[in-house]
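Novice: Residues per chain are reported as follows:
Protein chains: 2
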Amino acid sequence: MTPYVPPIADFNFLLYDVFGVDEEWPDRSAAIDKELANSILNECGRVAQDVMAPLSSSADREGAKWDDGKVSAPTGFKQAFDVLTEGGWLGTAGNPEFGGQGMPKALTTAVEEMFWGANTNLWLYAALTSGATYCIDAHASNELKARFLPAMYDGRWTGAMALTESHAGTDLGMMRTRAEHLEGGTYAITGTKIFITSGEHDLAENIVHLVLARIEGAPQGTRGISLFLVPKYLVNDQGELGERNGFASGSIEHKMGIRGSATSVINYEGAKGYLIGEANAGLRCMFTMMNYARVSVGVQGLGLSERAYQMASSYAKERLQGRAPTGPVKEQGAADPIIEHPDVRRMLLTQRALTEGSRAFAVFAAVQLDRAEHPDPGVSGVALRYVELLTPIVKAFISDRAMEASLLAQQCFGGHGYIVESEIEQVVRDVRISQIYEGTNGIQALDLLGRKVLQDGGNTLAELVADLRQAELDRSYATKVSEVLDLWLEATEWLRNSAGSNPSIVGAAAVDYLSLAGYAIYAWLWARMSLLDDGSLGKSNLARFYFDQLLPRSEYHANVIKNGSDSVTLPNSDWF
Amino acid sequence: MTPYVPPIADFNFLLYDVFGVDEEWPDRSAAIDKELANSILNECGRVAQDVMAPLSSSADREGAKWDDGKVSAPTGFKQAFDVLTEGGWLGTAGNPEFGGQGMPKALTTAVEEMFWGANTNLWLYAALTSGATYCIDAHASNELKARFLPAMYDGRWTGAMALTESHAGTDLGMMRTRAEHLEGGTYAITGTKIFITSGEHDLAENIVHLVLARIEGAPQGTRGISLFLVPKYLVNDQGELGERNGFASGSIEHKMGIRGSATSVINYEGAKGYLIGEANAGLRCMFTMMNYARVSVGVQGLGLSERAYQMASSYAKERLQGRAPTGPVKEQGAADPIIEHPDVRRMLLTQRALTEGSRAFAVFAAVQLDRAEHPDPGVSGVALRYVELLTPIVKAFISDRAMEASLLAQQCFGGHGYIVESEIEQVVRDVRISQIYEGTNGIQALDLLGRKVLQDGGNTLAELVADLRQAELDRSYATKVSEVLDLWLEATEWLRNSAGSNPSIVGAAAVDYLSLAGYAIYAWLWARMSLLDDGSLGKSNLARFYFDQLLPRSEYHANVIKNGSDSVTLPNSDWF
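Taken in sequence, the protein lines are chains A and B.
Residue numbers for the first sequence follow this note's numbering, so the first one is 1 and each next one is one higher.
Residue numbers for the second sequence follow this note's numbering, so the first one is 1 and each next one is one higher.
Careful: at least some of the hints might be erroneous.
One copy or two, either will do: identical chains are not told apart, so a pair holds if it fits within one copy or between any two.
When the alpha-carbon atoms are kept at most 25 angstroms apart in a straight line, the in silico SDA-like pairs for lysine to any residue are as follows [claimed, not checked]:
| hint | residue 1 | residue 2 |
| --- | --- | --- |
| 1 | K70 | L84 |
| 2 | K317 | D171 |
| 3 | K272 | H167 |
| 4 | K65 | S314 |
| 5 | K562 | L485 |
| 6 | K562 | G327 |
| 7 | K317 | S166 |
| 8 | K330 | M174 |
| 9 | K272 | E35 |
| 10 | K78 | M1 |
| 11 | K562 | R61 |
Hints in this document: simulated from the structure, not taken from any laboratory.
Start from the sequences and build out the full structure, keeping to the hints where you can.
Specialist: Below is the structure:
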């Protein structure tokens, strides 16, 4: 196995040289400085490399197991999970008032990337906990927070999100799970949810489900959905575990990838639940968690594409096959390493320009998440608007590019990449889910174009682009960046003008629009990174490659948008 | 399971309306007319649908099994394979002089597409036989042909190709398997080959390996490689099976997909082999087989992407989620089928425009393969040049587009598409191999740009483009077709001018060049199909979609090519 190497130098470059996050740290309530941040990153890298990565492929082969409602994680996961909880890795971003560490998201994004990259299957048992605690902290009563958050930040208890039902995925308005009033202000939850990541497993003492359900008599559709906290074991006022609550795992899914992660069907049979937030406002509460979860899924893709690149570049330096087109490089050997072949380099550079672009973008988005909590509303207001705008792009564009990069990494292995023992094919299978869950990438695109851009009148986008134009860039690329930002704004304007008379244009153009947005933002990031790297990271190599080989895709997407929706809408549905 | 529906109407449209293949059939030695062709296609479709498709997912779950050198195909494969042999499906394109049916490749390509689409895992036990018989027929002595071809066309014996060694894949010049002279003009073959599809299995009485090896004292590199016929059981002059030959399966591979197909490591330990063709000319002989096998691998991708589309469109018509942007379509229902959402239509139209474009391209290439055997050298000469030029594009562009289409099909299923039981994830895993084996798609691109275009001085390409320009096209698209053909020629000219001083440009630009070529050819095919469809197949819908949404990619690839190779070649190898 190629060892996982934590990309610490790149994190340092992004955090300090590119985004200067340490300048904003004195404003935060929890103490954080570069020294602490470095020790966190280094320790995280060590756990990722030494504890998590070695269990990745065995977890895939063994898979999670279900036996009469009991779910077991793969061999070794319990010991590794204990390392995560002992290190406090589930509570890094948590609220210090309830035992969290209050670290900035710019830092925890780096932590998450390393854990996703080293072992996505294992980190899935922990990652949902972050989203769940984020939601509880934002919307639950202080009593519920005090009862549940400390043990979740500790990792003694983990979190799960129960939204989907078999007939209601994207369209949550159709969900049927119901909540009946019990005495003492609690509810009895009954229904069946599917696709519940870590809904049942054997790594933690308790599992805290956040469940969407309809209170009896609630309005139809999305306006009648409430959010409930439903623990596997009931918890008394002293925080002690009591009797088992009324739900169980009916089965776990057999999946293309993330096979070591247990994805349950959960049957709730009058399970006791506590309302979070107001009745019928559950979807809004859930979206607090989803924004965070969506960024995290983008980072999952990023972590895996970094892993894929490391495997592919290592293989390309070792595998001897053919000769460089400019003549033998290793004259004594029977052949040159395939990294000497321009097409292999093209594949590796594509992976790396996309992956390092994605890392910069993830940190950029995390910086906005941090600023959104700034005490000055002038700072937090604009940052929150940027978070809303950027979240669907982070989730979809990073995961799409991660899939592309992982497939290219596999391609570098030739026939060996199709063999399970190479371990690269697992990365491809695992990364695929990041394009699908937490709202498919098509749904992200609709959210971006429909809700975040057009419903907003394009104002936040204009504000962001104006901000981007203020930054100093590598002069070699400044014109191209300006042009692609113009292209993005023009496409927006064209869509605003079309959408009034053509309600189908948003759906038809959304995915190309999101891609155009992504390539425009990465252009800015590459021009900025190229300027700020002192040469030690080779960012100028990647910037040049990005502008030569990848940015031209933006024009393709813009052209497709302007060709309109007729070719999509005209065919009759029966013809398909 | 969505039933597999053979695309018979589309085959008829392509064979007769688009390419008029029946006009060339009177020139052929084996009798063939529309009536016979129709009965072949219909019967093939029935076998694909009723016998093969139902075994596809169980084969993936069960996989092929290895036990101490004995290899078992999945449950049910033996009975289904017997149906294939009884129907004569392994000898459709075979030489009638030795028991083959002599059917035109335009027809057998359609046959292959249906078998690949219905059950790639099963057809892999048969498909290698076609390539092997093709090679034996072209290069072996009459005595070997008479001894081996009839039983192979019958399917009693199957074929296998043994090229790769663990250290020698693309770079066959490094191979070590050796051949020592035995008395009677035969050879003793010793060495280990990997990745041998159907090299060992339990579906046929005998397995005929074509093995590349070095005769003792042969020159180094590719000029010292010879081709040998090495049967699992020796065969006497009466065609009766004798003793077991000296080779065995050392193991089978665990793979990302095509898990029901047994991919063996084969250890040859002094196995008796018969020279095919001249000594040290083995690679040339192998390429006879490879041209055919490469077209077949493209068709494999095509068949699977058709299967993926059928699954996705069927799901999209049934799955209810949300409402159409223009208002409810099924007002009585809780939601509209997702096919009413423009983004789902965009995904389905992309799949279909690519898949039906690929089908047209595969038949176009098969027509050239047929013409290459025409008695008039004026006809066969140009066709053979076209076959050489088109083969790498057929293999790589069709399989790349098939992967893209299959991923989109999976995306249409949302979360359900990641679940094994949906069966769509298997298609994605199975189709992935078509981009890798028979020469990776990167190698196809180098073959196209380096050998088939630049070494040829661009002459065959110019001849082909001039031919394409003669055809009548749908007027709506004629200008765009002319422009993209110009773009292809311009990129070629630019590369010819650059390649003299820059030996790296070919490798750096090859993959984009192949994609540009593919989109140009598909533009011509869509403009032609749009003209010739009477409206019953909806080709005009797909042509419009192709020109609006997919053809703009050609400019992207052309732009990347013209940005040169500096960004690929400048980084130091150690930096990666």
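Novice: Does each hint fit the structure? Answer for all of them.
Specialist: Here is how each hint holds up against the structure:
In this homomeric assembly, K70 and L84 come within 25 angstroms of each other (Cα to Cα) only inside a single copy, at 23 angstroms, whereas the closest approach across copies is 45 angstroms. Taking the shortest Cα distances, K317 and D171 sit within 25 angstroms of each other only across copies (16 angstroms), while inside one copy they are farther apart (48 angstroms). In this homomeric assembly, K272 and H167 come within 25 angstroms of each other (Cα to Cα) only inside a single copy, at 24 angstroms, whereas the closest approach across copies is 61 angstroms. Proximity of K65 and S314 under a CA criterion of 25 angstroms is satisfied in neither setting, with 33 angstroms inside one chain copy and 32 angstroms between copies.
Taking CA atoms no more than 25 angstroms apart as the test, K562 paired with L485 passes in both settings, with 16 angstroms inside one copy and 23 angstroms between copies. With identical chains, the CA atoms of K562 and G327 are at most 25 angstroms apart between copies only, with a shortest distance of 24 angstroms across copies and 46 angstroms within one. Proximity of K317 and S166 under a CA criterion of 25 angstroms is satisfied inter-copy only: 16 angstroms between copies versus 47 angstroms inside one chain copy. With identical chains, the CA atoms of K330 and M174 are at most 25 angstroms apart between copies only, with a shortest distance of 15 angstroms across copies and 64 angstroms within one.
When the C-alpha separation of K272 and E35 is checked against a cutoff of 25 angstroms, the pair qualifies neither within a copy, at 45 angstroms, nor between copies, at 70 angstroms. Proximity of K78 to M1 under the C-alpha cut-off of 25 angstroms is restricted to the intra-copy arrangement: shortest distance 22 angstroms within a copy versus 37 angstroms between copies. Taking CA atoms no more than 25 angstroms apart as the test, K562 paired with R61 passes in neither setting, with 46 angstroms inside one copy and 45 angstroms between copies.
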